[in-house]
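**Q** Letter by letter, the chains look like this.
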Amino acid sequence: MTFDRRLFLGGSLATLLAAGAIAGLTGPVLAAARKDVIIGVRLEPPHLDPTAGAAAAIGEIVYANVFEGLTRVDRTGATKPALAESWTISEDGKTYTFKLRAGVTFHDGAPFDATVAKYNLDRARAPDSVNPQKGVFAPIETVEAVDPVTLKVTLKQPTGNFLFGLGWPASVMLSPTSAADAKTKPIGTGPMKFVNWAKGSSVELGKNDRYWGTPIKIEKAVFKVIGDASASFAALMAGDIDAYPLYPAPETLDQFRADPRFKVVVGSTEGETIVALNNGRKPFDDVRVRRAVSHAVDRKLVIDGAMFGLAKPIGSHFAPQNAGYVDLTGKYPHDVAKAKALLKEAGVAEGTKLRLVLPPPDYARRSGQIIAAQLKAVGLDVEIVPMEWAQWLSDVFKGKNFDMTIISHVEPLDLDIYARDDYYFDYKSPAYRAIYAELAATVDQEKRLSLYRKAQERIAEDAVNVFLFMLPKTGVWNADLQGLWENAPIPANDLTEVSWKG
Amino acid sequence: MSVSFGASRTADGWQFRALRHPSFLAGAVLTALVMTIAAVSLHWTPWDPTAIDIPAKFQPPSTAHWFGTDQFGRDVLAMIMRGAVTSIAVSIFAVGLGAGVGVPLGLLAAQQRGFADQAIMRASDFVFAFPALLIAIMLREVFGPGATNAVVAIGIFNIPVFARVAYGAALPLWTRDFVLAARVAGKGLVRITVEHILPNMVSLVIVQATIQLSLGILAEAALSYVGLGVQPPAPSWGRMLNEAQTLMGLAPRLALIPGFAIIVTVLGLNLLGDGLRDIFDPRLARER
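Going down the list, the protein sequences come from chains W and L.
Counting from 1, one number per residue, gives the positions in the first sequence under UniProt numbering.
Counting from 1, one number per residue, gives the positions in the second sequence under UniProt numbering.
So that you can see chain L by itself, here it is in the shape it has in the complex:
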């Protein structure tokens, strides 16, 4: 993925490519769908996703309950809708944290080289060695479980990812002629980073962020699955999967529906990320 982006990128070029790119279109549609569902659920869900109604438990799908009800008589559709908010919010905040800290660190390392470079990148390797799950368990021991911990745990895991992407993209740019010209003109290192390096690599960060978002959704589901994510009664796809495990014999849809929701969201974001990478990369476009 050592692709460098030149100044040859033009606005009309990428818009044109986007419309012709099938995986970008499919990813954009799926992602927009999930985002819309999440946004709608903030104002309206068919039923209260936390309302327990025991006599109505294990109802099969019907016109009243499109996806049926779970073991506590909660409406599965409402839980899936509100669960999308949990997934997306945790993922966005976590990726925001990772990019917000990781990108400046990577840029700084590429700009300073030498000792700072080594210190930042080795520290980032060190953090990268800790899985998000381990960080989440440690945070739980200190602060108790909750959505904030999931955000922090996944976010910390994302920092080295973004640091590496930013570093890898920025480093070759520093040898390019336009950067050398800027240095000769007397611009400071920080100013060059902000004015020349960052604009030329931001597309790569966007692509990475899209893919990290999908991993964030998976990580959030995994943390909720083991009880480290958002706590009941707030709905979460991962916990729905967990609770459905022993109910597979009785009502397999309780596991299939949240599983399917995760697949659709992750697939959408991955397609979108792949599409964006192709679109932002002029060389790939020319080859096609």
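Chain W on its own, in the form it takes in the complex:
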């Protein structure tokens, strides 16, 4: 009786779902004084070496917990000392002398000293480097280990953001003896050490008892991968996870706000969420077409519909909370007639077929449906192509095989991506590159801010991508859990100050 079995399976599935929902509503809250924390994350990292992969999901697990850099970015976005205790910068702004912490060891007992730091910087700037942020290391001319605790770095030209860049996840220090295996067995100097990675499910970290600094207050941290919005809602409600720092379902926040067991924190990220256009391919190699789609997209409706009004609009690739921001959101007001006229002028026929690739995050899947409908209104026939993360990274990000895609760029102050030779949206503007080169070589703060403005304006003028909104950091966590970051100046879940009340 084959059909009965199928009915039975379907019935059991429904029962399970219902049981899950009920458990979610009535689940118990665990008592305080716990020493472990379970954090929900949206995406499983491809591997765990932040110096070898662009996925933010890597840093969100290992940064500041397992791996540390010479400097670190703190919860406010400020650059603080980490493995470098202090530093001095020469008069001409070209020579940085770092005084490193003495007696620091990696989790496997290997020592950390100036030669190890030199090894890391050389590795990141080598021609065959796979570092996702090579721009940080590009200005380095020479690195010299003067003595075990002194590192001298000489730059080709003064570089404004050098110390900040050294605090990014991509700049963390690995041990030369274990760097080769860091993708599966990350060994760093941080307050937590890697314990286990159950692929497809979770990553577990444990306390490092030999940590050089303030010991961490928790014994164990588990990062649980919970892909979809409804499952994360149920997991939080049931107490299966203690925190979801980048909670993906803004529509359910009111339910958490009304529940005293939870704390809801809406903060900012550096995540410029954009409709990336393939500038290297027809029809988006024509600026008129890019401007037309910028006019066609109604940003406010996208924010209301996909983000439940929680996100801040942007008009260029720059976060409003940073100094030097210019509001360019009025540059391409929603205007169907103008969009149609521009398309006609550029010779794009009505009904032109375009593919809009959507990676798994809900912000992309939801915005995508709305944007496809808005582009349909100006006569573009947009096909929605949902894609899994790994395939998106290989097809779109590496292979540049796309017309349009929606993605959030979560790295801070990442204007350099518009100056790169080989980047997935393929923007090649000598004018912009000149601005960026000048910016990179400028140390004077006032001048930097004016160059930031110029860069934003250039990007907006060329309508490189359609700029939507800043990804809000909608965090939900147990009301007794304290010390998590409210904002996300870099993609990280820094657990160094996390503890349970009571």
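If you are wondering where the hints come from, they were derived from the structure by calculation, not from laboratory data.
Just so you know, not all the hints are guaranteed correct.
[To be verified] Part of the chain L face toward chain W, derived, beta carbon under 7 Å:
id: 1; residue: L30
id: 2; residue: I52
id: 3; residue: A56
id: 4; residue: T246
Positions of the beta carbon are idealized from the N, C-alpha and C atoms, including for glycine.
Based on the hints, put chain L in the right spot on chain W.
**A** This is chain L only, laid out in the frame that chain W set:
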């Protein structure tokens, strides 16, 4: 279900039984209702089911929007209507594929016996071991998601079902006197299958097809629910359920309405299938 159908079936008998059979009548009415709604939606829906209108999102049911609007301001009634087309079309094509391949295979196995019988039925057991979901995931990896994949995945799952039904029904027929008579008269195996076996078991295939249709609707909803079925913006009941999951606290009707649509359709087809089985089976009719 090892019921054999004899030649004693008469036309006036089953028509009479049909009119008196409550589950057949209820199933026929529900199925006709869903089919009509689907047919109407091809030419007319109250609103464009794909038209997004953000300012009008989460509207409660009203005279303008009978079932209200969803999180994107789309008309839920229009989506349900057009979603019926997706469900029914995928299901019909899938069952057609399953019956089209499965029935001839089952008949062939019953006719040839021996090695062919073993080969076909064991292969069918093998295919049966793969759930439709697994087949759909494999197809997605190769061709990308879409309605065609859902049809193929559900269809492949249906092939062994129909092969078994056809085989089980045909096998006892081969020992019946009228078949033996045909063999003695010198008819070939294929000719006997077409002229004598098939007409005497087709009712069983129809009953099975009706029940498989309802399972096809469920399978289509399940595949769309996990994103393997028809892709947005085309409406689908399964995806409506998926999207409504986190909105349960805000607007439970967004999950209840497509859920109810699935229940009505599946219930209708199941009642219809049960009714048809009773009607086509003279023994059951006599017992009543």
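**Q** So which of those numbered hints doesn't the model satisfy?
**A** 1 and 3
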